[in-house]
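Student: Now for the letters of each chain:
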Amino acid sequence: MTQSLKLYVRTADQTRRAELDLDGASTGADIIQAAVDNWALPADTDYTLVNTTTGRALAPGEDLARSVRPGDVLEVQPVLVAG
Amino acid sequence: MHDPQRTQRYRRHDLIDWFSQEQVSAARVAVIGAGAVGNEVVKNLALLGCGTIDVFDFDVVELHNLTRSVLLRESDAGRNKAEAVAERARDLDPHVTVRAVPGDFWDTMSLGRLRQYDCAIAAVDNFEARLRLNQLCLIARVNLVNAGLDSRWAAVESFPFAASEDAACYECTLPESAYARVAERYSCGGLRRRAGRERLIPTTAVTASVAGALAASMALRLGGEAPQGAQRRLLDTIGGTGSTVEIERREGCPGCGTFARAPRIVSTRNRWSPQRDDRSVAGTEIGEQVVQLSDPLIAGYECAACGPLEAAARYVNRRAAEFDDAIATCPKCAAPAVRIEIRDTFTVGELTARFPGRPVPAKFALAEINGDAICFDLEETPAK
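Just so you know, the protein sequences line up as chains A and B, in that order.
Each number in the numbering used here corresponds to the 1-based position in the first sequence with 36 added.
Each number in the numbering used here corresponds to the 1-based position in the second sequence with 2 added.
Hints should not be assumed to be uniformly reliable.
[What the hints assert, rightly or not] Sample of chain B residues facing chain A (criterion: CB under 7 Å; computed from the structure): (1) P96; (2) D127; (3) W155; (4) P177; (5) A180; (6) T205; (7) A207; (8) V247; (9) I249.
Simulated from the structure, these hints should not be mistaken for laboratory data.
Note that CB positions come from ideal geometry on N, CA and C, so glycine has one too.
Start from the sequences and build out the full structure, keeping to the hints where you can.
Tutor: Here is the structure:
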């Protein structure tokens with residue numbers, strides 16, 4: 037049985053922030069896609085997710101139930117490619 | 003020998019208790035990319051007195067580069083970027099050895115050469131080059147620092163491969179969408195797309211200078227005890243905020259998950275002799291041993307309508323990346339019907355049959371022999 041997780045998601049510039057009740061089976065990629073869709077983030081940019089509470093970057097397919105605790109703050113960060 | 007000018011030059015550095023000029027002057031750093039970030043990195047390394055800086059770039063200077071490239075001038079337009087940057091960096095400090103390596107780093111950076119550096123800095127502008135440098139540094143166990151930016155953010159990641167076999171790599175947090183962008187540039191599993199459009203990302207000197215400063219600092223591991231694990235620092239150059247996060251190794255990562263342990267590098271002459279194929283290693287005849295090449299090759303070229311083509315001699319057994327998808331059009335019937343077989347995995351027997359007495363056009367070949375990962379270096383190590 038999957039459990040619901042209450043946590044917070046924000047953009048790296050902290051202009052967008054949301055409280056989420058998350059299905060424990062969700063992955064980082066699911067959160068990123070929801071953020072891009074709901075906040076109209078630039079679609080030509082790639083994103084990664086970090087857990088600011090633990091100071092740890094989350095792997096793209098990582099099962100959030102294993103790495104996130106209730107109340108944690110996740111941040112959607114751009115993957116920067118220009119040099 | 004005591005050099006009074008040198009002593010004078012670095013006197014202020016000597017006042018910093020955590021700064022070792024001796025260590026910085028002994029450091030050897032490869033900077034891949036001489037664009038906006040590469041300029042800032044090389045400038046900082048040279049001013050710090052870093053012993054050896056090699057600058058790799060294939061590109062030439064264009065006028066639009068000048069708003070972000072501290073070492074370039076209008077008179078450099080049309081010159082190779084690596085040569086122009088290296089020349090200006092030598093002016094900054096004649097005690098520093100700065101060398102330009104023009105050309106694509108995949109062609110100019112052998113594993114042997116890479117192992118001579120303490121760190122390689124990725125100051126490139128695309129995912130593909132970063133993936134390739136990550137792979138080389140993983141195999142060579144050389145520290146990698148990756149810098150990227152846009153018009154607001156600067157991100158710098160450090161992957162201490164030399165310090166720890168368990169360090170995460172660049173691919174451990176890379177999203178699937180990044181691989182999709184790399185795939186957009188290729189068709190038929192390895193040929194470059196003709197109509198590929200480069201994504202232009204605006205940047206400024208501000209983000210470049212922040213990224214370049216942080217990259218130089220992390221490459222030289224300034225500030226005392228360096229972390230054993232991989233890290234990412236993201237800085238908002240407008241708001242002034244930033245974060246540092248740990249990057250952990252990902253199980254099944256397409257980069258570092260390829261080998262449980264770092265492969266042992268074995269130098270080869272890259273000459274393939276059929277008469278030696280009947281020997282065996284660990285119960286497997288050498289000819290049956292499977293190897294994975296660093297570069298996919300065109301293994302077959304035949305038109306579905308016309309059958310075998312004379313043009314196959316021009317393409318087969320060469321790197322697929324040398325060609326674009328125009329070669330999928332049949333030179334006889336003009337239909338886009340050529341079946342092109344592209345692969346990177348061969349048996350040693352196949353390679354000796356395809357390249358008798360000749361070198362295989364690849365950087366290296368990976369094999370698992372008796373449970374051990376072996377990397378056969380197919381390039382000659384250049385003279386120091």
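Student: Each hint needs a verdict: does it hold in this structure or not?
Tutor: Checked hints:
1. P96: 27 Å, violated
2. D127: Hint holds; B:D127 Cβ to chain A Cβ min 4 Å, cut 7 Å.
3. W155: Check passed: Cβ of B:W155 comes within 6 Å of chain A, closer than 7 Å.
4. P177: 5 Å, holds
5. A180: 5 Å, holds
6. T205: 5 Å, holds
7. A207: 13 Å, violated
8. V247: Holds, about 5 Å.
9. I249: 5 Å, holds
Hints 1, 7 from the earlier list are contradicted by this structure; the remaining hints agree with it.
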